[in-house]
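Asks: Protein sequence lines, in the order shown, are assigned to chains A and B.
Start counting the first sequence at 1; every next residue gets the next number (the numbering used here).
Start counting the second sequence at 1001; every next residue gets the next number (the numbering used here).
Errors might be hidden in some of the hints.
Estimated spans, in silico, between C-beta atoms of each pair [claimed, not checked]:
hint, chain 1, residue 1, chain 2, residue 2, range
1, B, Val1134, A, Lys162, 51 to 59 Å
2, A, Ala264, B, Leu1097, 45 to 53 Å
3, A, Ile23, B, Val1134, 17 to 25 Å
Here are some chain A residues pointing at chain B (derived, C-beta under 8 Å) [stated by the list, open to error]:
hint, residue
4, Ser27
5, Ile36
6, Ile249
Keep in mind that the hints were calculated from the coordinates and are not lab data.
C-beta atoms are modelled at their ideal positions from N, C-alpha and C, and glycine is treated no differently.
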Amino acid sequence: MSTVSEEHVNSTGVDNKKLMMWIFLGSDCLFFGSFISTYLVYRNRSLSGPYPNEILDIPLTTVSTFVLLMSSLAMVLAVSYVQRGSQVIGRYWTLATALLGLVFMGFQVYEFSHFAHLGLTPRTNIFGSTFFTMTGFHGGHVTFGVIWLVIFAISRLAETLKQKMLIVGSVLSVVIAMTGLMMTHTLDVIPHIPSIVAYSVFGVGLLGTIGTLFLLKSSDNQNIESIKKEEGNLELAGLYWHFVDIVWIVIFTVVYLISANDGAPLL
Amino acid sequence: MKKLFRNILNQFLGHTTDGYFRVPDTAQDLPNPKNDTPWAGTLKLSMDKFNKLTRKDGHGSPGFYAIIGIVLAAITLVEFLIFYVESLGVLLIPIMLVLSLMKFVIVVAFFMHLRFDNRVFTIVFFAGFVLAVVIAIILLLVFAIKPVFS
C-alpha cells in the first residue's frame, strides 16, 4: 500500500523497499556466485559417470532458456502497462509471466527426472552434486517467483471477488490443460489411460483458460487509481524475476554451453 | 531515419547540406567546433540519439521492450548455433562468455531499469556482483595452482 510519494523522506532519496530489493539481489549474486564457482572448481573431476557429454541436452535447454527470457519480457511489459494505467493488460502479462515460469519449471522437472533415469543423482558423482544443488536452488527461486506473481495477480491486481475467482480459475485451467497435454504424450507409457480421457482433459483445460480470460477482460472496472497504488510492489516482483533470469543466463552458459563436451577426467 | 543517416554522413564528411564543403576562412569561424570528437562527431551523435531513445519519460515504451526481447532471443540463437561450430575449439569459451555478458547487461540495464533509475541501485547491485566475480576468480586460481586430485 505504499508508493514513492507516500514514503517517508529519507537521506538516500530513493524508495526504501526498492533499495532493500537491490541490496538483496546484490547479496543473492554472492549466493549463486558461490554455487557457480564451486561447479567450475570441481569441473572435470568426477571419477565415475554419467559425465556431462553423455546426458546434457543443449537443444532442449536452449528452448527452456528462450521461455525464461520471454517470461522476462512479459514481466517488463506487465510493469510497463501497469505504470501506464492499463489494469487489465498488466494483469494479463503478470499471469503470462507466471505461466511461462511454470513452463520453465516443467522443463526442469522433465530434465531432472530424465537425468535420474540415466543414473545421475546428487549422490552419483561430484558433477551430479554441484549440478543439482545449483540448478535446484535456481528452480526454487523460480517457484517462489511464480507463487509471488500469482498471489499478486489475485490479491492486488484484482479488486472484486469475481475477478479473483476468475484468476484462480484461469491458473487452474492452465494447469489442467498442461496435465492433459502431458497425459497425451504418455499414452504409450501408461496404457491404462484411454486416449479420449487425455484429450478431453486437455480440451477442458484449454476451454477453461480461454473462457476465464475472456470473462476476466469483460469484468474489468478500469479503476486506475487502485492499480496505480500497486505499481511499486509489482516492480519489486519484476526485479526479482529478472534476477532469476540473469542467473539462468550465466548457468546456461557455464554449465550447458561451456561444459557440455566434458567427459571423463584426464588423470 | 533518412535524415539521421544524411546528418551522420554530413558530419562524417565535414559537408554542409547546401552543397559545399565546410572550409573555415579563419580560425574564428569555428570558435567551438562541434565535431572535434573521433570520426567527426559521428560517435557523439549516435550516443546522443541512443540516450534520447532510451531515456524517454524515464522508461521505455512496450515497443522498445519488445525489440530488446527480440535482441535477447537472437543472441540466444547465435549462442546455440556457435555451440555446434567444432572448429572454434578453445575460442568457444570467451565467445560464449562475451555473449552471455551482453545478455546479462541488456536485461539489467533495460528490463531492470538500471539505465533509467537512480545510480544508487547500480552501485549497490554491482558491489555484490563484482565481489562475487572476484571471489570466483580467486577460488579458481587457488584450485588451479593446487589441484585437489594431484
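Asks: Take the hints in turn and mark each one as holding or not.
Replies: Against the structure, the hints come out as follows:
no., hint, result
1, B/Val1134 / A/Lys162: 51 to 59 Å, "holds, 53 Å"
2, A/Ala264 / B/Leu1097: 45 to 53 Å, "violated, 25 Å"
3, A/Ile23 / B/Val1134: 17 to 25 Å, "holds, 18 Å"
4, Ser27, "holds, 6 Å"
5, Ile36, "holds, 7 Å"
6, Ile249, "holds, 5 Å"
The structure is inconsistent with hint 2 alone, although it conforms to all the rest.
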